[in-house]
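A.B. asks: So you can see what is in the structure, the chains are spelled out below.
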Amino acid sequence: TQLLEQSPQFLSIQEGENLTVYCNSSSVFSSLQWYRQEPGEGPVLLVTVVTGGEVKKLKRLTFQFGDARKDSSLHITAAQPGDTGLYLCAGPNAGNNRKLIWGLGTSLAVNP
Amino acid sequence: EAGVTQFPSHSVIEKGQTVTLRCDPISGHDNLYWYRRVMGKEIKFLLHFVKESKQDESGMPNNRFLAERTGGTYSTLKVQPAELEDSGVYFCASSLYAVSYEQYFGPGTRLTVT
Chain V
1 TQLLEQSPQF LSIQEGENLT VYCNSSSVFS SLQWYRQEPG EGPVLLVTVV TGGEVKKLKR
61 LTFQFGDARK DSSLHITAAQ PGDTGLYLCA GPNAGNNRKL IWGLGTSLAV NP
Chain R
1001 EAGVTQFPSH SVIEKGQTVT LRCDPISGHD NLYWYRRVMG KEIKFLLHFV KESKQDESGM
1061 PNNRFLAERT GGTYSTLKVQ PAELEDSGVY FCASSLYAVS YEQYFGPGTR LTVT
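Chains as they are written, first to last, in the working numbering: chain V, 1 to 112; chain R, 1001 to 1114.
In case anyone wonders, no lab produced these hints; they're calculated from the structure. Where hints are given, some of them may not hold.
Label pairs and their calculated CB-CB ranges [to be verified]:
#1 V:E38 to R:E1102: 15 to 21 Å
#2 R:S1053 to V:Q80: 22 to 28 Å
#3 R:S1058 to V:E17: 24 to 30 Å
#4 V:E38 to R:Q1080: 29 to 35 Å
#5 R:M1039 to V:G82: 25 to 31 Å
Sample of chain V residues lacking proximity to chain R, with all beta carbon distances greater than 10 Å (derived) [to be verified]:
#6 Y35
#7 D67
#8 G103
#9 A109
Predicted model, so just to flag it, every value in this text is computed and none were measured. We put the beta carbon where it would ideally sit given N, CA and C, even for glycine.
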């Protein structure tokens, strides 16, 4: 069974700080996605990483896919209150890539 | 372009009652997915439509759940009769292509069964 474990579960930081959240698995994933979800809304796709070792940047957000394609990280530089939200990672099921497997998420609060 | 919409946003029903959730995907998206998040658990896949056909319903919890997508446009998810453990947030997503890369999610329906 493929599982995605995210850490930390909760994170509260001050505006301007840097942070890294993690998404780990014992299984290989063909790709991993990062989503951000705000209260009352559905998850919004931020990025998809496909190649082992791949690094993608989205403004102050840096996403990395592990070389073995078993883990991924999201680094936020100089966090802002607008970054507050639930960050979820998800990856396609090995047996059926139309099904996404999800982590529990990291709930981030950036305090002004 | 309108995003994925879901109705209702909240529903509170008693155990044993019936509830029908509706999802309108992005226009032109043949692929439609239902997911559910139970409190404290991760989001779980329920089923996948391609147009009006059920491509994969392996995630449906039991036969109290019935999903339809008549005409390949909007979809409904009926729970009958509802049980306490059916409480959670039901998300619908749609995509243009039949892979999981670019799924667009609706805001979800929060279902509370009392």
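A.B. asks: A separate judgement is required for each hint: does it hold in the structure or not?
C.D. replies: Evaluation of the provided hints:
1. Hint check: V:E38 to R:E1102, Cβ distance near 20 Å, so the stated range 15 to 21 Å holds.
2. Restraint check, R:S1053 to V:Q80: a C-beta distance of roughly 44 Å breaks the suggested window 22 to 28 Å.
3. Checking the proposed 24 to 30 Å range against R:S1058 and V:E17 shows it is violated: the Cβ atoms sit about 42 Å from each other.
4. For the hinted restraint 29 to 35 Å between V:E38 and R:Q1080, the CB-CB distance of approximately 32 Å keeps it satisfied.
5. As the Cβ distance of R:M1039 to V:G82 is approximately 26 Å, the hint placing it in 25 to 31 Å holds.
6. Some Cβ of chain R comes within 10 Å of the Cβ of V:Y35; the nearest lies about 8 Å off, and the non-interface call is violated.
7. With a least CB separation of 21 Å from chain R, V:D67 remains clear of the 10 Å interface cut-off, as annotated.
8. At the 10 Å boundary, the C-beta of V:G103 falls inside the reach of chain R, the nearest C-beta of that chain being 6 Å off.
9. Annotated as non-interface, V:A109 keeps its C-beta farther than 10 Å from every C-beta of chain R; the closest such distance is 19 Å.
This entry does not satisfy hints 2, 3, 6 and 8, going by the numbered hints stated previously.
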